[in-house]
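Protein chains in written order, with UniProt numbering: chain A, 1 to 246; chain L, 1 to 246; chain R, 1 to 246; chain X, 1 to 246; chain C, 1 to 246; chain D, 1 to 246.
Simulated from the structure, these hints should not be mistaken for lab results. Please note that the accuracy of each hint is not assured.
Identical copies carry no separate label here, and so any pair may be met within one copy or between two of them.
To be verified - Okay, derived cross-link-like pairs now, DSBU-like style, lysine-lysine, Cα gap no bigger than 35 angstroms in a straight line: (1) LYS24 / LYS65; (2) LYS155 / LYS165; (3) LYS155 / LYS231; (4) LYS176 / LYS155.
Protein chains: 6
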Amino acid sequence: MSENNNERDERLNGRKNDELRPIKITRDYLKWPEGSVLIEMGETKVIVTASVENSVPRFLRDSGKGWITAEYDMLPRATDRRRNRDRTRKIPGRSMEIQRLIGRGIRAAVDIDNLGEITIKIDADVIQADGGTRCASITGAFVAVYDALQMAVKKELIPSMPKYKILSAISVGIIKDVPKLDLCYIEDSNAEVDMNVIMDEDNKLVEVQGTSEGKNFSRAELNQLLDLAEKGNRELINYIKNLLAI
Amino acid sequence: MSENNNERDERLNGRKNDELRPIKITRDYLKWPEGSVLIEMGETKVIVTASVENSVPRFLRDSGKGWITAEYDMLPRATDRRRNRDRTRKIPGRSMEIQRLIGRGIRAAVDIDNLGEITIKIDADVIQADGGTRCASITGAFVAVYDALQMAVKKELIPSMPKYKILSAISVGIIKDVPKLDLCYIEDSNAEVDMNVIMDEDNKLVEVQGTSEGKNFSRAELNQLLDLAEKGNRELINYIKNLLAI
Amino acid sequence: MSENNNERDERLNGRKNDELRPIKITRDYLKWPEGSVLIEMGETKVIVTASVENSVPRFLRDSGKGWITAEYDMLPRATDRRRNRDRTRKIPGRSMEIQRLIGRGIRAAVDIDNLGEITIKIDADVIQADGGTRCASITGAFVAVYDALQMAVKKELIPSMPKYKILSAISVGIIKDVPKLDLCYIEDSNAEVDMNVIMDEDNKLVEVQGTSEGKNFSRAELNQLLDLAEKGNRELINYIKNLLAI
Amino acid sequence: MSENNNERDERLNGRKNDELRPIKITRDYLKWPEGSVLIEMGETKVIVTASVENSVPRFLRDSGKGWITAEYDMLPRATDRRRNRDRTRKIPGRSMEIQRLIGRGIRAAVDIDNLGEITIKIDADVIQADGGTRCASITGAFVAVYDALQMAVKKELIPSMPKYKILSAISVGIIKDVPKLDLCYIEDSNAEVDMNVIMDEDNKLVEVQGTSEGKNFSRAELNQLLDLAEKGNRELINYIKNLLAI
Amino acid sequence: MSENNNERDERLNGRKNDELRPIKITRDYLKWPEGSVLIEMGETKVIVTASVENSVPRFLRDSGKGWITAEYDMLPRATDRRRNRDRTRKIPGRSMEIQRLIGRGIRAAVDIDNLGEITIKIDADVIQADGGTRCASITGAFVAVYDALQMAVKKELIPSMPKYKILSAISVGIIKDVPKLDLCYIEDSNAEVDMNVIMDEDNKLVEVQGTSEGKNFSRAELNQLLDLAEKGNRELINYIKNLLAI
Amino acid sequence: MSENNNERDERLNGRKNDELRPIKITRDYLKWPEGSVLIEMGETKVIVTASVENSVPRFLRDSGKGWITAEYDMLPRATDRRRNRDRTRKIPGRSMEIQRLIGRGIRAAVDIDNLGEITIKIDADVIQADGGTRCASITGAFVAVYDALQMAVKKELIPSMPKYKILSAISVGIIKDVPKLDLCYIEDSNAEVDMNVIMDEDNKLVEVQGTSEGKNFSRAELNQLLDLAEKGNRELINYIKNLLAI
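Take these sequences, add in the hints, and give me the full structure.
Right, dumping it as structure tokens:
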């Protein structure tokens, strides 16, 4: 990476340090799934689908409870260099972590205990990666799952819409000692601290994952990052509220 | 499937028996790959990318020859019901057959013996399936590979554009004794004979794969199907010529 | 391969271009299976067994229909150089294609819809390969399955012999512009076009798979190859009729 | 779990909410490894070894940098019910996450950029699990790696001890609205919020992973948990300082 | 290995040729399993657990018979050099052989035909290897299984203790023409003949596995080895009798 | 199995208790391998090939030593019921044990230390199983390897025939307290003790594997079994001497 003297103040495309990239969520993106979106955060593009299955995993049978689970993958050329497909290898640790995070996040958003015995399978497939794919997947998954639940009500698979909290996720990080919101790939590669935050519509935290990438961080820095993440998530949640008209 | 008395004469959307579905190929669909298209044949949608790697498989080292290979996969919800990802299972026989067919087809279109030691990796990922995905993948792959080769020339990975023949692929089949061109999913499910034909710009055959799906077929029927396929492939090749302005 | 000026006219062992290699099918080759043959086409030798199982795959349960499936493999030294066993690797694409072809072919020969709920498992194991192993496997499989069905009637697993069409398979190809029947390994390696044709006793086609191996081919050439294949398959079907006395 | 009216105030064995379980680290626990400990946190017991290899992964060759990586596993009966061994299945998501966390944590503790081209492989094998195994693995790993580095200096594999920060890890959680330090298994199963915190000897954070397990949490609650974790980690780091006499 | 002129007469630590290494079996070594021991034979240390499951494999259902099976593994640093975990590879031939041997041996010690439909799963995990790990695993497994059966009686999973024969296992070998009892790793590496013998409390043989490691052996030598093994096994069986007070 | 009062005295086909089944070894059974036999022991039939490769495993490079290794498999219908192919599953424990035994046995027969850097790969593929397949594989492997070594001399891959000892293998067992030689499948299923013995031309033992299958055995019984095995192996070694004219 070439040095940039003004990096403290300037970002690609003139974004401010506390500014999100342009967000766009296209609903009903595919023909077959019960819920499906294309979510774009800047140049990051993820297809997220939510499939309703009329059964639950063994550990929930006859419990009246539902389940939500997720898988995450990338097309081989979602990235700068072609990655081999996972299908011929064991599932990579990074993908595993991300899909567990997505599932955990969305289960925290929907009252699955009173859902009835259906399973929602989320598939997040990154078609173009430019940083923040896990957060975009979570935000997109909320919308896809919302639409799938509406469809499940319509098809009478469940009696009514379960309780839910809108949620979204955003990445934040510290680059050259400056906290920044919604890192793109090139920023993410240079971050000294990297954090992903999932937040709900009541400003409550669902997941906080902060990691030193070369510089251990103080409680004060942690708080700066959490402030930025709160701002970003509030904007995303407002976007979703408008989109879904709820 | 509900019966349709007029099926001999009518098709979904009023298509004629020798009529292709609407075709649309979007070039430069993704940011990172050397070549990438979204090909749409009716409701079938496939992202096809072509990645250039500056090396060849072991069996071609120091031969001066290049190589082209392909992988084919579907998103889990490309289909009516969610399919499990291949990554946790051995690669399915159907996908294996298709990706071998794509690779073989495109290698027959490009003069790889005089290409120089690069490898083109084709990735065909079906995001929405409605019949004919393997043929759409091949047709889309030709365009993606063409663009990738142009890029390779530009980046001076190869001295000049290799010789090539434009090619395309189309499916044909017999339904209730009537030969039809470019089957959609619901037609394909009811076909008695199913055939895929890859053809080049000189009307020469690259691959012919005809299969009885319940009714063995005569030489006369085979010829009817080949006539239809020739018509469809000619139209596709003309579309490509216009698109690439060659 | 050394050059052979007379290759247009002469073949190994003085065979004519439209002449099959010597064919020999030994029935009841093994002690345990319901049907088993050793099929020899020249130096190609394949053990084909047909095993009757008193159940069907899940998708056919309670349908009254039967099922036929196939697996294909080679001993490690069936070939000039030792190949690693498949058991320590994913199943190779070539084997996958061949076993799907065998299963599809034989299912087209037997009226499985009225068979009753049994499964016939075909195992084609090449012990010596010299070209045409997939076609020999199909031809041998027909005989092994016929014998297994007779045994199933005798053991009262099914009430009576189902309807069937005798079928066989043969390879044809173009070498230095000359179409030839029943290619041995060395011919196959030099073929410009390679085609496998499965035909039934009424001269109807069950499967046609023609592939350019370096030279795309015209409709006229395709027809020459189909003529040769028809001649070869007729001779094989006559051999089977005599062998089975049907 | 049976209800416990006093759960707000009392814990198993009369522990206070901000009290660690008894900690014991046995150095040189095994004969062969360069560093090896048995770490006991209450009834949780983990064997952690650190193996020195005189090479680095491909991406670090000729960089002069070293590498540290980790694997985590459990004996089948480390837990209440026998778990199948991972060796016959793909690596479970939970283990994957944990071993990535261990590796990342210890790499943040040691100046690997100036280490020289050696790799330290950490193996954390839980022989008895009673909550907090990932944190015990990290704390134990620091000691095992410290001993392995000392050994590497002694064997002249590296010129001198690299810079390092002592670190440790501890779990905290919220049970019935009460934040508690160092959860045992039965507490962990009932936690509404679960957090793991890795901290260095300067009270800087290396990793913060907080997760809602049924109740989303406020910034205030997050801060209470971080306070507890800081207290616990300070005690662990003091224990290590005494143990290593540094 | 350096030469040792006195090797015919002397062993490490002054052991005699017919002398066992110090044996120590710690019962109830772990908290969760029904039976668990740490067995130490000199520097070889194996954790052996026995888990009771209230079911049997399919082939024994409704037979009234029980089953005993075993798995064997090593920690990566149980040995001088770190071995990769089996979990990322197919199970190694050596481990497979050993765990089959353990299972077969213990099934010969316990009257599983009159046990009732429970399964005992033995897990032998070597934490430190210095020769004789398979024999230590078998001897330890007997004690762990004995304790698990006692527990199963206590928990009323089975009505009463089944009949059993105490058994143990020991290795013997020939080094520079001298037969020796209970080889440590360095002796085992130099053995010309290697034999493992499982014996029961009536001096009957359960398993004899003798292998030439460079020198084929006579019946006379075989008998010398069997004499040594009998002596060693008698001592081990006496140790177990004292330990279990039976 | 039906009871047979005379079982103590009579065997299938009137064989005596110390009598081998008819043995037949066909050399040069296949076209491509350097050595290949069909070995028949009664109804047991095994194709054994020996392939010469002009390299050695990594651990022997630049040592001047050669290597011999083996793989063992069965056709799916070698047995009464069809077994699934190993290729889609991990390698079964039984096959693993057998192929390790074959490799170890033949390495003890040939002076591989002075062989030169070639590898002989043995493939034993059972086409019909009726007891004693592992022993037949070893006996057949000796002949196949002998022929492959002769071929390697002829092709000047090695300067001269290495030293070797002829060896063979035979199974013995105790059925209703009566020791018997060369068990067929039905006898093997009823054996109380089962033993495989590999012996060389000097009557020295290469491998002894005796296993209780329900009745632990005395030293006296062991000796009776070894006497029978010696008789059987002597006859097999004489057969080989005549066959190879050595």
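Consistency of the hints with the structure:
When the C-alpha separation of LYS24 and LYS65 is checked against a cutoff of 35 angstroms, the pair qualifies only within one copy, where the shortest distance is 33 angstroms, while the shortest distance between copies is 42 angstroms. In the homo-oligomer, the alpha carbons of LYS155 and LYS165 lie at most 35 angstroms apart inside one protomer (23 angstroms), although the nearest pairing across protomers, at 47 angstroms, exceeds that limit. Proximity of LYS155 and LYS231 under a CA criterion of 35 angstroms is satisfied in neither setting, with 37 angstroms inside one chain copy and 43 angstroms between copies. Proximity of LYS176 and LYS155 under a CA criterion of 35 angstroms is satisfied inter-copy only: 34 angstroms between copies versus 53 angstroms inside one chain copy.
Of the numbered hints given earlier, the model fails hint 3 alone.
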